[in-house]
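Asker: Residue strings, one per chain:
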Amino acid sequence: MVIVEIPIGPQHPALHEPIMLKVRTEGEEVVEVSVNTGYNHRGIEKLLEKNSWVRGMYISGRVCGICNAVHMQTYVQGVEKLMGVEPPPRANYIRTLVMELERIHSHMLVAAVMAEIIGFDTLFMLLMRDRERVMYLKELVTGNRVHADIHMLGGVKRDLDEVRRDRILSELKIVEERIKYYMKVFEEDYTIMKRLSEVGVIRKSEALRLSIVGPTLRASGIKSDVRSDDPYAAYSEIPFNVVSRDEGDSWARMMVRFGEALESVSIARYTVEKLPQGPAIPKTIPRATKPGEVISRVEAPRGELLYHIVSVGGANPYRVKIRTPSFLNILNTEKVYIGHRLADVPVIFASYDPCISCTERVMVIDEKSGKKTYVSMRDLARVRVG
Amino acid sequence: MLKLPGILSTLGLEGMKAIRYSPWVMHFNAGACNGCDIEVLAALTPFFDPERLGVKLAPNPRHADIIIVTGALNKKAAERLRRLYDQTPSPKFVIACGACAISGGVFSGSYPLFSRADSVVPVDVYVPGCPPRPEAVIYGIKKLLDRVGEHGGD
Amino acid sequence: MEINIGKFIFKEISPRRYVALVTPSELREAVEAVMMEESYFSSLTAIDFPKEGKIELNYIFWSVKHRAALILKVTVDRSNAVVPTIIDIVPGALGGELEAYDLMGVIFEGNNKLRRGFLASEDVVEKGIYPLRKDSGV
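As you go down the protein sequences, you meet chains H, B and Z in turn.
Per the numbering used here, residue 100 is the first one in the first sequence, and the count goes up by one each step.
Per the numbering used here, residue 84 is the first one in the second sequence, and the count goes up by one each step.
Per the numbering used here, residue 169 is the first one in the third sequence, and the count goes up by one each step.
Honestly, the hints are just simulated from the structure, not real lab data.
Just so you know, even glycine gets a beta-carbon here, dropped at the ideal spot from N, CA and C.
Fair warning: there could be bad hints in the mix.
[Said to hold, decoys possible] Residues from chain Z that face chain H, not an exhaustive set, calculated with beta carbons under 10 Å:
{"#": "1", "residue": "I173"}
{"#": "2", "residue": "G174"}
{"#": "3", "residue": "F176"}
{"#": "4", "residue": "R185"}
{"#": "5", "residue": "L189"}
{"#": "6", "residue": "S193"}
{"#": "7", "residue": "Y208"}
{"#": "8", "residue": "I215"}
{"#": "9", "residue": "D216"}
{"#": "10", "residue": "F229"}
{"#": "11", "residue": "R235"}
{"#": "12", "residue": "A236"}
{"#": "13", "residue": "V250"}
{"#": "14", "residue": "T253"}
{"#": "15", "residue": "S289"}
[Stated by the list, open to error] SDA-like cross-link-like pairs, simulated, lysine to any residue; straight-line CA separation at most 25 Å:
{"#": "16", "chain 1": "Z", "residue 1": "K219", "chain 2": "H", "residue 2": "K256"}
{"#": "17", "chain 1": "H", "residue 1": "K272", "chain 2": "B", "residue 2": "F131"}
{"#": "18", "chain 1": "Z", "residue 1": "K302", "chain 2": "H", "residue 2": "Y331"}
{"#": "19", "chain 1": "H", "residue 1": "K322", "chain 2": "H", "residue 2": "V446"}
{"#": "20", "chain 1": "Z", "residue 1": "K222", "chain 2": "H", "residue 2": "R154"}
{"#": "21", "chain 1": "B", "residue 1": "K158", "chain 2": "H", "residue 2": "V446"}
{"#": "22", "chain 1": "Z", "residue 1": "K233", "chain 2": "H", "residue 2": "Y331"}
{"#": "23", "chain 1": "Z", "residue 1": "K281", "chain 2": "H", "residue 2": "P390"}
{"#": "24", "chain 1": "H", "residue 1": "K256", "chain 2": "H", "residue 2": "A387"}
{"#": "25", "chain 1": "H", "residue 1": "K145", "chain 2": "Z", "residue 2": "L282"}
{"#": "26", "chain 1": "Z", "residue 1": "K222", "chain 2": "H", "residue 2": "N150"}
{"#": "27", "chain 1": "Z", "residue 1": "K295", "chain 2": "B", "residue 2": "G192"}
{"#": "28", "chain 1": "Z", "residue 1": "K222", "chain 2": "H", "residue 2": "P390"}
{"#": "29", "chain 1": "Z", "residue 1": "K302", "chain 2": "B", "residue 2": "K175"}
{"#": "30", "chain 1": "H", "residue 1": "K180", "chain 2": "Z", "residue 2": "K241"}
{"#": "31", "chain 1": "H", "residue 1": "K322", "chain 2": "Z", "residue 2": "K219"}
{"#": "32", "chain 1": "Z", "residue 1": "K179", "chain 2": "H", "residue 2": "E179"}
{"#": "33", "chain 1": "Z", "residue 1": "K295", "chain 2": "B", "residue 2": "E162"}
{"#": "34", "chain 1": "H", "residue 1": "K389", "chain 2": "H", "residue 2": "Y417"}
{"#": "35", "chain 1": "H", "residue 1": "K322", "chain 2": "Z", "residue 2": "R184"}
{"#": "36", "chain 1": "B", "residue 1": "K158", "chain 2": "B", "residue 2": "Q170"}
{"#": "37", "chain 1": "B", "residue 1": "K175", "chain 2": "B", "residue 2": "D201"}
{"#": "38", "chain 1": "Z", "residue 1": "K302", "chain 2": "H", "residue 2": "R154"}
{"#": "39", "chain 1": "H", "residue 1": "K303", "chain 2": "Z", "residue 2": "P183"}
{"#": "40", "chain 1": "H", "residue 1": "K389", "chain 2": "Z", "residue 2": "I215"}
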């Protein structure tokens, strides 16, 4: 049988971000998938070397718009360690609150995208509508809907007052109800079960060798969460459960995310109720660091986020290495697609909660260097000169 | 194919009218951090309800009337933005959404960056912000439609 | 505090971060030992030190069993940066190796997927420079 190569992306209705999956199929069956990236490269690691410690904070937040607060947290907690600054407890609680709100809206977003991909448009619209409540909460706490920018070296930029605390608590109650409802939909709906279960299975035995992280790893039965294994911010004082499942398929990944979103609601409620007294906004901003290196880890909505920051003293970082969760989750799971139908490819891909802007800050792929002659539908349709 | 300039210009005017009442929007991510993208996505969902203006998300450049460009334009994406722009049927309009698409934003000066969005395609409306709120995105579309109305619609 | 894995001794540098210095020839053995401890590959950082003429490679693993980051530090010569590949032991390390090759110019022997232009943009590749090296001038 003839093997046909079908490019999915970079501009594709099923993908909201620029990435290219080269899918080689034999009939309907997928025989090979290669991930081609490179449409989102911004050279951030080099940019961080050129800018000062304080400016780097804003650049690191703009690695990714969805998980910006966790990126800032990772950078800031690493730099604080190098500077010998300890943030006050109240600041740590506010940071935790913002990061958990971000986790809720990120998990709702991927559930919405998944609903859209499987053709369940009503669910997509409903999820997006209720996600606006979380965005409103984020705006209430930080002043911005997307880029929180609430972190500051040695504290936070904005304090929380009593009025806003009460509004957060009442909104969280509605959000929790809605998440429980959508979790039930994903658990019981016949179409969703048909499309997601037993699709894109990653077994527990191979999960660690493949080096996947986050909800994708926890859905394969390995309880590894940075928040409990390597506590940062206020997580050592907050009680919460690590959600995991054993199925390892796309459905399990979605259910882990819903379970986590519910945990996040309770963490957010805890931080608001038990917010310690004292200052949260630093009076002075430190500018220079001691020489040394630090490996800073944070649990982003998509998994373990790691910054390796090296300083030789002075006003600029010497080297900042950013390893985002999607970088591992997207690149290491090419083999999972094999044997599935073509229509399952976007489902499996979306179940990793891919974040392209995270992955590609260091990636550019040359389209022309592929030596093989591809027989793609699009190329056949469009004869290019030269 | 219709190659006569006279017919084309008439089509253009009719097309202008059509766009005035139901512009289809295609969203192109040229290297954004996702901040603008989720806001554009949020702007196209029922909470903000752009369908009252006739705005609908088009999956394909060949169906689109308006291209919303987000993100700092890198060298690789610049080539593709131009190609997508050429594939879009006339009349077509471009909205540069967010600080990065307008000027490069925090990424300006980085080595893989090409330039601003308006160095590759003509931009009609700039929506500033990092990221712009969904209301701002809808306001930008409305501004564009008003301008189209002055020239082509009624 | 120390963790002993096989013949390798990991010394604690900060809470839950353990470092072992290895030579390029010992690397594969060390990675095999680390992977026996329920670890996953987390990151590969290449750091350029032009004054010393060295490139330092940090293989960062997270051990679920020890709840600690196990870091293997390998130092190679800047002009002849060659280390053996580990992707046959840990397939998850592919992204890290491709990135380090393209942006820092470290060659991983035995990894046939390495190619220029995988990460750096076309004009950078044509000039033959590695963007993250300190003297690249980009």
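Asker: Take the hints in turn and mark each one as holding or not.
Answerer: Hints versus structure:
1. I173: violated (16 Å)
2. G174: violated (18 Å)
3. F176: violated (18 Å)
4. R185: Since the shortest Cβ distance to chain H is 6 Å, the answer is holds.
5. L189: violated (14 Å)
6. S193: violated (23 Å)
7. Y208: holds (4 Å)
8. I215: holds (5 Å)
9. D216: holds (8 Å)
10. F229: holds (9 Å)
11. R235: With Cβ-Cβ at 5 Å, under 10 Å, it holds.
12. A236: holds (8 Å)
13. V250: Given a least distance of 21 Å, the restraint on V250(Z) is violated.
14. T253: This interface hint is violated because 15 Å lies over the 10 Å limit.
15. S289: Holds: closest Cβ of chain H sits about 5 Å from S289(Z), inside 10 Å.
16. K219(Z) x K256(H): violated (39 Å)
17. K272(H) x F131(B): holds (23 Å)
18. K302(Z) x Y331(H): violated (32 Å)
19. K322(H) x V446(H): Holds - the C-alpha atoms of V446(H) and K322(H) are around 24 Å apart, at most 25 Å.
20. K222(Z) x R154(H): violated (29 Å)
21. K158(B) x V446(H): violated (30 Å)
22. K233(Z) x Y331(H): holds (19 Å)
23. K281(Z) x P390(H): Violated, at about 36 Å.
24. K256(H) x A387(H): holds (20 Å)
25. K145(H) x L282(Z): holds (21 Å)
26. K222(Z) x N150(H): Since the Cα atoms of K222(Z) and N150(H) sit roughly 24 Å apart, the hinted pair holds (cutoff 25 Å).
27. K295(Z) x G192(B): holds (19 Å)
28. K222(Z) x P390(H): holds (18 Å)
29. K302(Z) x K175(B): violated (44 Å)
30. K180(H) x K241(Z): holds (21 Å)
31. K322(H) x K219(Z): violated (43 Å)
32. K179(Z) x E179(H): holds (23 Å)
33. K295(Z) x E162(B): holds (20 Å)
34. K389(H) x Y417(H): holds (12 Å)
35. K322(H) x R184(Z): holds (17 Å)
36. K158(B) x Q170(B): holds (19 Å)
37. K175(B) x D201(B): holds (14 Å)
38. K302(Z) x R154(H): holds (20 Å)
39. K303(H) x P183(Z): violated (28 Å)
40. K389(H) x I215(Z): holds (18 Å)
Against the hints set out earlier in the document, violations occur for numbers 1, 2, 3, 5, 6, 13, 14, 16, 18, 20, 21, 23, 29, 31, 39.
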